[in-house]
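So the sequence shown is numbered by my numbering: it starts at 15 and just counts up by one.
A portion of the hints provided could be inaccurate.
To be verified - Derived DSSO-like pairs (lysine-lysine); straight-line CA-CA distance at most 27 Å:
1. LYS782 to LYS744
2. LYS630 to LYS677
3. LYS1092 to LYS1057
Simulated from the structure, these hints should not be mistaken for lab results.
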Amino acid sequence: MVLTWGEDFTQIYNDAYSKLIGDRHPSGFGGDIRITLAEAWATLGPMIARVMATGIANWTPALPLEMHRSGYREEAYFSVSHAPAEDDRGRIVGMLAVCSEVTDQIVGERRLRLLRELAARAGDAEETAQAASDLVAALAEDRFDVPFACLYLRDQDGHALAASQGLSSPETAADLDWRTGDAVGPSPLDRAMQGETSLVHAVDRLTTARGGAFDDPVETAICLPIVGAHGAVLGTLVAGISPNRALDDVYRSFFELLATQVSVAVRNARAREDERRRAADLAELDRAKTTFFSNVSHEFRTPLTLLLGPLERAVSDLPERLPDHRDELDIAYRNGLRLLRLVNTLLDFSRVEAKRVEAHLVACDLAWLTADLASIFRSAIERAGLELRVETEPLPQPVLVDPDMYEKIVLNLLSNAFKFTLAGTITVRLEDLGGAAVSLSVEDTGVGIPAAERDRVFERFHRVEAQGARSHEGSGIGLALVKQLVELHAGTISAESEGPGRGTRFTVILPYGSATPAQDGNGEDAPRAARSQSRAFVEEAFRWLPDAEDADVAEPRSGDRRRVLVVDDNRDMRAYIQRLLRNQYSVSLAANGEEALSTIGTFRPDLVLCDIMMPKMDGFSLLRHLRTQDATAALPIIFLSARAGEEARVESLNAGADDHIVKPFGSQELLARIDGALRLAALRGEAAARQRILEAELAAEQAASALARSEQHLQTLTDALPVLIAHVGKDLRYRFVNHTYETWFGQDRSAVIGRPVIDVVGETAFAKIRPRLDAVLAGERLCFEDMVHYPGLGTRHVRADYIPERGADGQVEGFYGLVQDVTEVQSQARRLADSERRMRTVLDAVSDGFFAVNVEGQVTLFNRAAEEALGLSREAVLGQPLAHVVPELLQPPYDAFVEAAMTQRVTCVFELTDFPHIDQVIEVRLAPKEGGGIAASFSDITERKLSERHRELLVNELNHRVKNTLAVVQSIAIQSFKDDRVPAEAKTAFQGRLLALSQAHNLLTRESWESAPLRQVIENAVQPFGGPGRFLLQGPNLRVGPKAAVSLSLAFHELCTNAAKYGALQGAEGRVRISWFKEGGHEPTFRLIWTEEGGPPVTVPNRTGFGSRLVERGLAAELRGTVALQYRADGVVCEITTPLASIQGR
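My request is simple: use the sequences and hints to build the entire structure.
Right, dumping it as structure tokens:
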């Protein structure tokens, strides 16, 4: 707030306004406001002139003003109101302005808008260069806060300019390293690339950039690192600092937020570039993969043809000449067919992916073709105990399909249904959909598809992990190929399942198509096409069925042959391994982990040879289960896996397998690996057995050593206890005694052990305790106290505990005895009880109430006066919580005193004036007790309080009368002083004495006319004659009575008056030292010494005046002491000596 007055615009303002004008204060106070606000007067002057001319007030929010209050040209904003100021005659002679600075608010909102704009642009740019350009363009919209900006991004050469604004040309920024003057070391750009923020001064030497609210040259810039997601520096932002705003903490934080927003935008743009680059790389990789599949599939077909042809001839033409190898040839032929089917599927898939396949459509009787294809699987399905339903209604017209592709669609769907259905029905249904399309559905009652997998069943290479499948084998491209083949027919395929265990239905929708002459046909080739690939599918289906040979759990064990359990879901693999091992080992077979667990309990193998990928329970799950069981934790387990490479081997070994064999493997390698694993297991077993023996021996030694140490510890512990401790057998002979027996009975413990109890304790003591010995040997535990007479010790008061000892059969074999001599304890207890009785007697004799509370808050003492005051009996309150006895003490405000006494261990004294059932005024004293708890005493102070009130009334009456007397004296003196014959000196002396009396009276009144502090009496008396520097007071805290206070006040007044006229107080350099002290002795004495220092020389006066006589004679008489005045060359010394009782008396 500022007020201007008069034609000179003289300004007067408050403290708040002084902060707004900065270094223009205090010189501006009382000066011309037009000079103080010269820079802003072009804006403010017309507004103030209009107010003074029209008398109409105005108000302007967020008024921008140029200020020079901090040594530079500053951008500032104020909300200002101007009102006319009138003089006493109503003329407008000035102006009253009320203003508040809103610079931080305006500037903050502007900066916030820029940060929002940057955040909005952070996610838009697709490329880093575009992001940099957009960001710098956004910064150009706020030249007030960011006069110029240059964004550098890291490249192979260090850093390169990505975008800039506010400079004369981008080339200028590209060439700058922002090093000014003779600076050495890394440049600001290099320091920013290392993550360091720095300032660049004298920027105007490098560029002509201007900015800020007044478009001034930019002198300073800030270099900030642009940081990536993991702390790596991506680049540098160089931003100009406004020449019209100071770089304070808020401005610096704004630049840091700018750098953060720029970092986010650059990171996002680079992430999009990386994503596009990865997508392009993946697409290229996908194309390369497809090309590879196509090429390698072609290369596989030639050796497969040469492999399958001879095998087929050998199996069909030479059964009589190769009877011993027929099974091996069958396995080789079946798996060759399977490999051919996989290669064909892979080739088809790669050709479809590469768009190099076209459907050769033929008009076919699709109902007949579908039924024929489904019948191929009938024998396998029925052999598995399932039902195959084929529902193909006649269609109104032929359907244009590629027979070869349609065969693959149907066979893949049927194979998939058979693989995942263990019980129930497989239904193939073909039906017309209104003449436009035909629907083929394959529905099963199998394991179903989880909801999370339903949308992914047609993804290439994706396999649904389903529990309960016939096999875990599969390439993950069968259904993906089916989907692509259906789409080549312009059809659609979908999968439906209500969840696990609810079955699955695949539905294919194919259009009829229109038969052209080129496409027309009678479908005669369809049957031949339908048989071209079916054999491989059916052979694989039969391979999933359990074989009769597998029903033999194990071959009979002969001699010392070791047992091997083979676990694999491939029947041919199980049979092959069984033939390899049966000449050396007893072999048992299992198709998955669950079967293996059930077999292990009866077969008890020496080694498990296990596939990893299996249905129901895979190899890793089986391994974890076996390793957690004690019986199989050390069982050797060898994994068979199609996964090659060091990573797969390390994974198996880390999981706990003993070995990892990669398929395909040689027979000799398999036998060698099994033999090595069994030998190693045997060595581990022998080592474990030897270790168990050594551990048992070590445990025995440790147990013996521990027992010896335990016995020693027990002996040491029992010897340290001042209690008789003994172990006594059923024959009443000692088995163990502690050191206390030696002290009591004067016999070495070795001489006591083995002796009868009666020989040690004596016949008298034995006769006393014999009934109790019989009771404890009967199985009863006893705790008792008794007076027992021991030889050499006399009669002792003992406390005993007898504990029976029972054997493994529960029979008593002896007892443990603990006997404590409590004779002294009992004596002390009796003395304590006598002391407490005496104390209670004393407490009952006093008139004050008294009670004590322990640390638990229970009342332990309660005297008769407390009973009478509180109306409670001692018997009713002892042992009760304080909250039940005096609950009012635990409520505000008294609970604070109890808490302080209990926890802080301080003594509290307070009064009770509104206590229930008590009409008197009670003073309560709470004091902490030794050992915890509190002691409370309370007394009736009603009479004392009445006496204090009476005294207060008397003091008030005395005060009133003294005031009246002083008023009368003063009135008489005033009338007398009107006479010109009364000397002025006399008038002054009298008034001074009257003032001294009045001051003493006021002090005593404040102190209730009891007593007053001596220091306060002296200070009041000397105060009119100078400040604290003229008088030096030194002495102990001492209170003086009313008579002494008045006498000393008058005496000090006279001494000060004389010193001011003739002594130390006459000049500016003089001072007076006043010291007092108490002296001991038979009759304590009070001494006070007045010493003048630094004044003019003094001499003994020719005569003594009234004041000196008042000090020497009057004060001595009043205080019954002596007063000595000494006139020394360096000043006056006055010494007052009087009995201490005279000073302190009333």
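Status of each hint after checking the structure:
1. LYS782 to LYS744: Measuring from Cα to Cα gives roughly 18 Å; hence the hint holds.
2. LYS630 to LYS677: Roughly 22 Å between the alpha carbons, so the hint for LYS630 and LYS677 holds.
3. LYS1092 to LYS1057: With a Cα-Cα distance of about 19 Å, the restraint between LYS1092 and LYS1057 holds, given a limit of 27 Å.
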